[in-house]
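Visitor: The primary structure of each chain is shown beneath.
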Amino acid sequence: MKNTWPILVVDDEEVMCESMAAWLREDGYRVDTAPNGRRAIDLSKTADYAICFIDLKMPGGLDGIETMLEIRRIREEAAIIIITAYATVDTAIQAIKEGALEYIVKPCNPQEISLLVARLLKVKRLQRENAILRKKINRQYRHRDVITKNARMEEILNLAREVASLRSTVLIRGESGTGKELVARAIHYSGARDAKPFVTVSCAALTETLLESELFGYEKGAFTGAVAQTKGKFELADGGTIFLDEIGDISPKLQADLLRVLQERRFYRVGGSEEVLVDVRVIAATNKDLVEEVHQGRFRDDLYYRLNVIEIRIPPLRERREDIPLLAEHFVERIAHELGRDITGVAPAALKLLLGYDWPGNVRELENALERAIVTCRNGTLDEPDFAFLHDRSGAAKTWEVPDVPLSELERLAIIAGLERRQGNIKETAAALGIDRSTLYDKLKRYEIPR
Amino acid sequence: MRALYVVAVGSVASGVFEWIEAAAAAWFAFPIERLPPLAIPEGAYDASRGQCRSVEIMNALKRAAPADTARILGATEADLAIPMLSFLFGQAQLAGPVAVVSLCRLRQEFYGLPPDDELLRQRLVKETLHELGHTFGLTHCPDPKCAMSLATHIGLVDAKLERFCARCGSQLARRLARSHGETL
Chain A
0 MKNTWPILVV
10 DDEEVMCESM
20 AAWLREDGYR
30 VDTAPNGRRA
40 IDLSKTADYA
50 ICFIDLKMPG
60 GLDGIETMLE
70 IRRIREEAAI
80 IIITAYATVD
90 TAIQAIKEGA
100 LEYIVKPCNP
110 QEISLLVARL
120 LKVKRLQREN
130 AILRKKINRQ
140 YRHRDVITKN
150 ARMEEILNLA
160 REVASLRSTV
170 LIRGESGTGK
180 ELVARAIHYS
190 GARDAKPFVT
200 VSCAALTETL
210 LESELFGYEK
220 GAFTGAVAQT
230 KGKFELADGG
240 TIFLDEIGDI
250 SPKLQADLLR
260 VLQERRFYRV
270 GGSEEVLVDV
280 RVIAATNKDL
290 VEEVHQGRFR
300 DDLYYRLNVI
310 EIRIPPLRER
320 REDIPLLAEH
330 FVERIAHELG
340 RDITGVAPAA
350 LKLLLGYDWP
360 GNVRELENAL
370 ERAIVTCRNG
380 TLDEPDFAFL
390 HDRSGAAKTW
400 EVPDVPLSEL
410 ERLAIIAGLE
420 RRQGNIKETA
430 AALGIDRSTL
440 YDKLKRYEIP
450 R
Chain E
0 MRALYVVAVG
10 SVASGVFEWI
20 EAAAAAWFAF
30 PIERLPPLAI
40 PEGAYDASRG
50 QCRSVEIMNA
60 LKRAAPADTA
70 RILGATEADL
80 AIPMLSFLFG
90 QAQLAGPVAV
100 VSLCRLRQEF
110 YGLPPDDELL
120 RQRLVKETLH
130 ELGHTFGLTH
140 CPDPKCAMSL
150 ATHIGLVDAK
160 LERFCARCGS
170 QLARRLARSH
180 GETL
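Protein chains in written order, with numbering that gives the first Met the number 0: chain A, 0 to 450; chain E, 0 to 183.
Treat the hints as calculated values from the structure; they're not laboratory data.
Treat each hint with caution, since some may be false.
[What the hints assert, rightly or not] Selected chain E positions facing chain A (in silico; Cβ < 10 Å):
#, residue
1, A38
2, Y44
3, Q50
4, R52
5, M83
6, L119
7, R120
8, Q121
For each residue, glycine too, the CB sits at the ideal point set by N, CA and C.
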């Protein structure tokens with residue numbers, strides 16, 4: 000059907016309503032009429048009209064502009080055309096200012112109306128298409144991408160659905176690659192904020208000062224290179240959700256700033272003196288044991304309690320192995336399609352291998368492994384040899400071969416690796432290597448290791 | 000069997016009815032009957048616009064329809080309009096018995112050109128098919144060659160053929176078959 004759109008014609012003159020409705024019906028539209036503003040508003044509550052033609056002058060009760068304003072309160076996106084018998088510039092300007100899409104003077108050329116209706120419906124079609132596509136994306140995050148038959152995961156998804164409509168802060172814990180962001184998106188998109196932005200910040204990727212301006216924005220001239228006022232992620236996420244990934248890695252100063260935002264929903268831009276108010280839901284994620292971090296004095300306990308209003312723990316893939324076949328099937332289908340490879344599935348022997356592997360990188364590692372296998376696969380089914388690289392990887396981790404080098408070189412490599420792993424944190428590295436902090440400083444100097 | 004009535008509203012040259020009747024007979028399987036002319040109803044003429052209110056004319060046609068009316072089509076020289084639109088080539092009740100066509104804007108004279116009887120015949124046939132098509136529930140067709148396409152100026156009438164497209168034609172055949180069983 001081409002014209003299933005409902006149209007409303009509002010005029011106190013019955014002949015005007017009925018003749019206009021009859022003309023539109025010949026074009027295949029479903030048309031309702033209303034003799035006054037009250038009736039039009041009541042009808043708008045039950046039907047979502049694609050277009051409302053409203054006469055400007057209606058005696059007694061609401062006039063055209065008032066009726067339009069009421070209808071727009073019910074249907075924010077209603078396309079309203081104001082009709083009048085006499086054209087005056089003032090009423091035209093007023094109608095448009097108050098939100099009418101068009102203003103027409105009757106009698107009107109049939110061609111003009113026919114083109115106008117076609118144009119407005121084109122916009123409606125695009126709006127509807129946009130809504131459908133948006134829904135499609137959301138569904139992807141809600142159902143398709145969180146693939147599981149694991150009881151604990153089902154519980155998590157149920158919890159995510161329950162807390163979606165709340166504004167409470169959520170802390171998602173789970174190893175790297177378990178799908179923390181996916182769960183955060185599922186929460187956002189199944190809640191009331193789904194039409195508003197979902198903004199992701201990876202806290203570990205940036206230095207303290209960069210992260211600060213990233214989160215809170217900055218004023219022009221706040222620092223060298225701050226050539227214009229810039230909004231931070233909190234402002235960009237206003238009305239929606241901010242996802243703070245790897246929250247366990249932020250510095251004490253930022254912990255204090257973040258605490259203030261969580262408590263008061265307001266902050267200053269870097270270099271700014273004006274407070275910025277935001278309505279943002281915070282979802283934080285970490286792969287660290289925050290309780291331990293609090294014990295060690297590295298993470299503020301008050302911030303931890305603020306974040307930990309609702310806690311979601313995502314189990315690692317090795318604890319939900321029953322999902323591996325499902326996930327593998329899903330990824331193969333998607334990746335093979337994306338890469339244009341004709342791969343039908345995973346052979347039983349290969350699946351057995353996937354089920355036996357420990358997946359330290361969790362679902363993300365599984366996805367990457369499948370992609371690599373699909374790229375190198377020579378026939379239509381992924382088989383054991385296609386996953387040979389997994390053996391190498393797991394083998395390497397288990398039997399580390401000590402190279403034949405001077406002992407001092409081993410020490411130097413151990414210190415460099417330790418520092419890299421801890422982003423240059425001396426105290427932690429010293430503790431991990433089982434030496435004193437001052438000893439570590441000595442060795443850094445001796446081996447000329449830059450920090 | 001019920002009839003498809005045609006009737007002049009106001010004075011209309013009788014020659015044009017032969018064109019209307021031939022077109023109606025070719026597509027609508029009803030006996031075609033011509034009724035004595037009707038006067039343009041009082042109150043239909045809108046002096047401020049110099050046009051006739053289409054709604055009033057359709058009401059008069061409805062009143063004049065005999066009991067065995069399947070459809071009634073009026074033809075008039077008057078320039079038709081409704082409050083919202085500056086003019087109409089014709090109007091019909093969608094899936095209802097009454098329709099009207101105006102010859103006024105089908106004539107070349109209206110556009111300041113010399114009369115052209117053959118062109119007038121073609122236009123009138125297209126409008127007859129169009130309005131009667133509406134009375135059998137057909138809505139506008141996106142094919143500009145089909146009689147059911149929407150014409151908002153005379154150029155679009157001339158772009159049509161004197162026939163329905165395959166889709167509208169088969170839809171019409173179904174509606175006709177059904178309407179032979181119905182009573183008014």
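Visitor: Could you check the structure against the hints above and give me the numbers of any it violates, in ascending order?
Guide: 1, 2, 6, 7 and 8
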